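Novice: Kindly generate the complete structure, drawing on both the sequences and the hints.
There are 2 protein chains.
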Amino acid sequence: MRQAIDLSIENVANGGGPFGAVIVKDGKVIATGTNRVTANNDPTAHAEITAIRAACQREGSFKLKGCTIYTSCEPCPMCLSAIYWASISRICYANTKQDAEDICFGDKFIYEEIERPIGKRSIPTEAFMRDEALQAFRDWEAKTDKIKY
Amino acid sequence: MRQAIDLSIENVANGGGPFGAVIVKDGKVIATGTNRVTANNDPTAHAEITAIRAACQREGSFKLKGCTIYTSCEPCPMCLSAIYWASISRICYANTKQDAEDICFGDKFIYEEIERPIGKRSIPTEAFMRDEALQAFRDWEAKTDKIKY
Chain A
1 MRQAIDLSIE NVANGGGPFG AVIVKDGKVI ATGTNRVTAN NDPTAHAEIT
51 AIRAACQREG SFKLKGCTIY TSCEPCPMCL SAIYWASISR ICYANTKQDA
101 EDICFGDKFI YEEIERPIGK RSIPTEAFMR DEALQAFRDW EAKTDKIKY
Chain B
1 MRQAIDLSIE NVANGGGPFG AVIVKDGKVI ATGTNRVTAN NDPTAHAEIT
51 AIRAACQREG SFKLKGCTIY TSCEPCPMCL SAIYWASISR ICYANTKQDA
101 EDICFGDKFI YEEIERPIGK RSIPTEAFMR DEALQAFRDW EAKTDKIKY
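Chains as they are written, first to last, in our numbering: chain A, 1 to 149; chain B, 1 to 149.
FYI, nobody ran anything at the bench for these hints, they're computed from the structure.
Below, computed lysine-lysine pairings styled on DSSO-like, alpha-carbon distance capped at 30 Å:
1) B/K63 to B/K25
2) A/K108 to B/K146
3) A/K25 to B/K120
4) B/K108 to A/K25
5) A/K25 to A/K146
6) B/K63 to B/K148
7) A/K146 to A/K65
8) B/K65 to B/K28
9) B/K146 to B/K25
10) B/K108 to A/K108
11) B/K120 to A/K63
12) A/K120 to B/K28
13) A/K25 to A/K63
14) A/K28 to B/K120
15) B/K148 to A/K120
16) A/K65 to B/K108
17) B/K108 to B/K65
18) A/K108 to B/K148
19) B/K25 to A/K120
20) A/K25 to A/K148
Since the model is a prediction, treat every value here as computed from it, not as a measurement.
Specialist: Structure (structure tokens):
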């Protein structure tokens, strides 16, 4: 956690957001990440996402089972979901989503939006062409050599 | 939406997951994406994330205000959050998260997990060292040339 925090502090000086993350497997750091959203014009480049992508490249796997992620701030819903998709086994964080809210990051707002029914969210959302789209799911079901996750 | 669905169908044949997305600005497609999780060993490479990253690179911005995302399936919480972070203005989808659940994708499970209090989630989660981590947030607050988002 000390390393994740140090990364978050250094990253502010380096033109990034105040967030750092470290992924540990078998007691060793296998990847680190910092927030590079504005620096890289990538709204998905949160510290945790950056660390997960780097760890997966290093491991040659889309799963990080057995790994712990140390993140300097409670993951936003994007990063928390990425942690689930990557099957990370344990999450440690320091600052809270309320702390992030207090310095004007929208994590808490997005948590609240996700819990709302689709019609009550702030981004207008419509559904159509499901019948056509189901074709891809039927093809997936029929595929014999698919890699599930 | 037709293009997003076609991408999702083609992607199954190309070794990817059954998902496609298209981002439109001022009536023109500015980026597309498909699910490349297993193909690229990147658990964050969902169709929407891939499309958002490509659109932001093209636009030279970490915001996609005024854009619509057409996605062949209701976004998972990771992608929905990324859509919020990118300030996309409208979401259109075809297949539902229940359809994804029916072919064994965990979108619905992750929606349920996010709504649970931290101690009730399936991934063990601990918080510590907040006092030390707040230093990065104080540095951020004090920074006069920061780019907010």
